[in-house]
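Generate coordinates for the entire structure from the input sequences, incorporating the hints supplied.
Sequence lines, in order, name chains A and B.
The opening residue of the first sequence carries number 1 in the numbering used here; numbering runs sequentially from there.
The opening residue of the second sequence carries number 1 in the numbering used here; numbering runs sequentially from there.
Heads up, some of the hints might be wrong.
[Said to hold, decoys possible] What the simulated footprint calls covered on chain A by chain B, stretch by stretch (three residues with Cβ under 8 Å from a Cβ of chain B suffice, anywhere in the stretch; the number is not a length):
{"#": "1", "region": "34-42"}
{"#": "2", "region": "472-484"}
[As the list claims (entries may be wrong)] Partial pick of chain B residues on the chain A-facing surface, computed with a CB cut under 8 Å:
{"#": "3", "residue": "91"}
{"#": "4", "residue": "93"}
{"#": "5", "residue": "94"}
{"#": "6", "residue": "95"}
{"#": "7", "residue": "96"}
{"#": "8", "residue": "97"}
{"#": "9", "residue": "100"}
{"#": "10", "residue": "101"}
{"#": "11", "residue": "102"}
{"#": "12", "residue": "104"}
{"#": "13", "residue": "168"}
{"#": "14", "residue": "206"}
{"#": "15", "residue": "207"}
{"#": "16", "residue": "208"}
{"#": "17", "residue": "209"}
It is worth saying that the hints were derived from the structure and are not from the lab.
Quick reminder that beta carbons are idealized off the backbone N, C-alpha and C, glycines included.
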Amino acid sequence: MPFQRHHGLRALLAAAFAPVALGLAACEQDAVTDVTGEKPVLNILLAPGAAVLPGGTSALSGTRISNFDTSVPDAFARATDPLETYVSQTTGAGTGTGFDLRTGVRNSSQDPRLPALVESEAVVGDWFGLFNPAWAGAGVGLWDLFGEIRGLKPEAVYTVVLARMALDVRGDLDQHARLTGSPIEQPDSLYFVGGEPYTPGSAVTCNFSAAVGVNTSRNPVVLGVFETNAAGTGIVDCVPGATGDSPWWRSTASQTPPGAADSLPFGVNQPGATLRPGQYNYVLIYEGAYVPGSNQLPSQNPVVRIQVGPDIDANGNVINNGFAPWPATITDLSNFRNLPGGANAFAVPGTITLNLTGLPTLGSKQYAVWLHNRQSNAYALARVKVDGGAPVTSFDSPGDDATVQVVIDDESGLDFGQYNDIVVTLENGAPGSAPSDARFLYREYLAANQSLTQGAFTFGRFDPANGNRPYVIGGSGNASFFRDSMLVNLQRITPPPPGFHYASYLVRRVGDNVTASQRVHAVTLDEIGNATDRIAESEVGSFANYGLYLLVLEPDGLTIRTNAIVQESENYVDKFGENFFPRSN
Amino acid sequence: MRMRNWLVGLATLALVAGTPALVQGQVERGDWTLALQGGPVLYAEASAIERGTGVAVEAMYHITPRFAIGPIADFIHSKTDGRYFIGVLNFGPDSTHIYEVGQTINVLQYGAAAMLDLMPESNISPYLAAGAGGYTIYLQPTSNDMAKRTHGMMFQAGGGVRFGLSDATAIQLDVRDLIYTDFDREELNPVRPAHRNRQPDGTIRFPGAEYPDLPEATSTVHNFRVSIGFRYIPGRN
Numbered sequence: 001m002p003f004q005r006h007h008g009l010r011a012l013l014a015a016a017f018a019p020v021a022l023g024l025a026a027c028e029q030d031a032v033t034d035v036t037g038e039k040p041v042l043n044i045l046l047a048p049g050a051a052v053l054p055g056g057t058s059a060l061s062g063t064r065i066s067n068f069d070t071s072v073p074d075a076f077a078r079a080t081d082p083l084e085t086y087v088s089q090t091t092g093a094g095t096g097t098g099f100d101l102r103t104g105v106r107n108s109s110q111d112p113r114l115p116a117l118v119e120s121e122a123v124v125g126d127w128f129g130l131f132n133p134a135w136a137g138a139g140v141g142l143w144d145l146f147g148e149i150r151g152l153k154p155e156a157v158y159t160v161v162l163a164r165m166a167l168d169v170r171g172d173l174d175q176h177a178r179l180t181g182s183p184i185e186q187p188d189s190l191y192f193v194g195g196e197p198y199t200p201g202s203a204v205t206c207n208f209s210a211a212v213g214v215n216t217s218r219n220p221v222v223l224g225v226f227e228t229n230a231a232g233t234g235i236v237d238c239v240p241g242a243t244g245d246s247p248w249w250r251s252t253a254s255q256t257p258p259g260a261a262d263s264l265p266f267g268v269n270q271p272g273a274t275l276r277p278g279q280y281n282y283v284l285i286y287e288g289a290y291v292p293g294s295n296q297l298p299s300q301n302p303v304v305r306i307q308v309g310p311d312i313d314a315n316g317n318v319i320n321n322g323f324a325p326w327p328a329t330i331t332d333l334s335n336f337r338n339l340p341g342g343a344n345a346f347a348v349p350g351t352i353t354l355n356l357t358g359l360p361t362l363g364s365k366q367y368a369v370w371l372h373n374r375q376s377n378a379y380a381l382a383r384v385k386v387d388g389g390a391p392v393t394s395f396d397s398p399g400d401d402a403t404v405q406v407v408i409d410d411e412s413g414l415d416f417g418q419y420n421d422i423v424v425t426l427e428n429g430a431p432g433s434a435p436s437d438a439r440f441l442y443r444e445y446l447a448a449n450q451s452l453t454q455g456a457f458t459f460g461r462f463d464p465a466n467g468n469r470p471y472v473i474g475g476s477g478n479a480s481f482f483r484d485s486m487l488v489n490l491q492r493i494t495p496p497p498p499g500f501h502y503a504s505y506l507v508r509r510v511g512d513n514v515t516a517s518q519r520v521h522a523v524t525l526d527e528i529g530n531a532t533d534r535i536a537e538s539e540v541g542s543f544a545n546y547g548l549y550l551l552v553l554e555p556d557g558l559t560i561r562t563n564a565i566v567q568e569s570e571n572y573v574d575k576f577g578e579n580f581f582p583r584s585n
Numbered sequence: 001m002r003m004r005n006w007l008v009g010l011a012t013l014a015l016v017a018g019t020p021a022l023v024q025g026q027v028e029r030g031d032w033t034l035a036l037q038g039g040p041v042l043y044a045e046a047s048a049i050e051r052g053t054g055v056a057v058e059a060m061y062h063i064t065p066r067f068a069i070g071p072i073a074d075f076i077h078s079k080t081d082g083r084y085f086i087g088v089l090n091f092g093p094d095s096t097h098i099y100e101v102g103q104t105i106n107v108l109q110y111g112a113a114a115m116l117d118l119m120p121e122s123n124i125s126p127y128l129a130a131g132a133g134g135y136t137i138y139l140q141p142t143s144n145d146m147a148k149r150t151h152g153m154m155f156q157a158g159g160g161v162r163f164g165l166s167d168a169t170a171i172q173l174d175v176r177d178l179i180y181t182d183f184d185r186e187e188l189n190p191v192r193p194a195h196r197n198r199q200p201d202g203t204i205r206f207p208g209a210e211y212p213d214l215p216e217a218t219s220t221v222h223n224f225r226v227s228i229g230f231r232y233i234p235g236r237n
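The structure is reproduced here in structure tokens:
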């Protein structure tokens, strides 16, 4: 029946579309869900911390000259013409002309050669010279060794001696070492050569009262004695007189000797010359009085040695570069390249003193200092003295809040002239023949133009072959507390230097004191310096126990919280309060 | 709540299925049939679209009593699953809220289909159907700050059973696999890129807010529509 059919149809349609209507209603529910609800994600910012990074300074001292060509006979241009030092001088007895010896007076601290000088502070006074017979006026051939010496013992008697001495060169010539500033490890030795010792038969006082003869057979020759005053100053006024076969020029008619080599009392101070018997190259002053007629010196060791002529070998031939006077100091550092042997020379330090800071205590590892040659990229391990100790090849630091003094000197076993850079490395144990890759601190001391440099060390990667990379704190970060995790996002953080890695810590700081600290993770950056550090609260007990997130540099292989804090968060407990971070204490 | 709604729907379906056949509606060559049907659309999980409700209209021209072709159209109302679209909003510098952002959507499907009646002379007639066309998903302007839609190719295949009510009417139970191609799940994300938890470069701001077990996005998704409908043969009483 149609009615029934239509009635049933409507029912069926209603039944069929009931799910459609119900479904439509269901779809109108809220489509956005707040996951965080009443506990939002709490955000804090990170900023560079007050990092104490490894660093330090270098200071150079005891400058010396390297690569000086000492094969040149007069490499230091110290030879003098025969009468070059024969000049007019003002003395305690007026102005006279003679050989000026003032620049040659040496005491024990100035001349290390043998026989060793008796320790004193003797220095030359206002004048000292060997004045010609014309000025002396005592007679033909009578010269006047006249001068003032200070710093001797007060009211003491000293003996004055003229000597012809040969030099036993032991190792390198000491003058080479002295003039280049190098240490004299094995002093040369002087000894009398030719002639016999001579003392006057009676007591002679050097007060221009009596002459003592010199000739080719007398060596050394005692000229007399003098006595110092209460201040330790003595006046030497001896009268050596050329007698017999002495080659000394003797005229009283002229103030100026002819300059012939064989007529000069001290020989010719030049390469290739010969110091003949009867010519003397040293004036020696001994403490004590000689015994007249004994032909013995008062002592084996003089107090003052004045090199007045060139050093000679056993045959009397002048030793190259052994010219008078004995050099008290290194040659002129501002001019050495202009000297005959200095064309390829350059200055190097004698001692390099490092004051290193920010070095964490390593414990199981060690620091080592290397010198690096820029041209060959070679390294050499330096033996260093740490805080005044004996030389060592490696050391540790008392802490990164301490300063470690490291001295590299002649006991380092290295020639500073062969290297350019100082490199500090981290070593797993005793250093080997090559440094580890952890070359993290470096400083140049000898530049490419061979000038010396000193100053601050650079913390970073030392790798000249591929480019050094100083470490500079960079990047930023933020952190969020979501559910039971702390999520730290680090952006554009500078890669750590070799030998170091990043690690995260949670700490609680009260004033300057850290009262709680928890190492959390090693943090590895991606290629652009980003990293995510997700810390579950279960890892640290409770976030409320701390307050600060720190990103610090740790030495590789170690888990120590250093002061190299490169990122530090806001104090989240202070910021959000104990409602979010309830503390039990 | 939704589960209870669907229990009601299934109970109704069972009631209809249990109703005895009344009158056979024999279709002849050249006849047009109109079908209106509706029911739940079970979207693939990877589509990020929750179960929706659809209404479909089909007009079939019978080339033979057994085989027909004609245009089809579907309208589906649903919403997206906010678990796939995590938004992060900062409230000042100190606090952040995290949201799962879903949105209501409407889907329009259109195209042509062919139908093969397996037992056209029977009062209970199973059939097979297949078609092709397109789909357009209309997103919420209020969620996207603008009118936004996305579309792609659609294929469908399925079948059903038709119960004749009279010469002109029948009801039918139908199941279709609605295959969306060119499907881009991210098109359904209403969260501005700057506020997304999953950043465009792949980084995730709050990994803990993500659901790790959700399926990966695919460009082809299989969705199922289960419907019950009414077929009418115009010109018949």
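How the hints compare with the structure:
1. 34-42: holds (count 6)
2. 472-484: With 3 residues close enough to chain B, the hint holds.
3. 91: It holds, given that the least Cβ distance between residue 91 of chain B and chain A is near 7 Å, below 8 Å.
4. 93: holds (6 Å)
5. 94: holds (5 Å)
6. 95: holds (4 Å)
7. 96: Result: holds, 4 Å to nearest chain A Cβ.
8. 97: holds (5 Å)
9. 100: holds (4 Å)
10. 101: Constraint on residue 101 of chain B satisfied, holds at 5 Å.
11. 102: Because about 3 Å separates residue 102 of chain B from the closest Cβ in chain A, which is inside the 8 Å limit, the hint holds.
12. 104: holds (6 Å)
13. 168: Violated, because the Cβ-Cβ distance from residue 168 of chain B to chain A comes to roughly 10 Å (cut-off 8 Å).
14. 206: Status holds, d = 5 Å.
15. 207: Constraint on residue 207 of chain B satisfied, holds at 7 Å.
16. 208: holds (5 Å)
17. 209: holds (6 Å)
Taken one by one, the earlier hints fail for this structure only at number 13.
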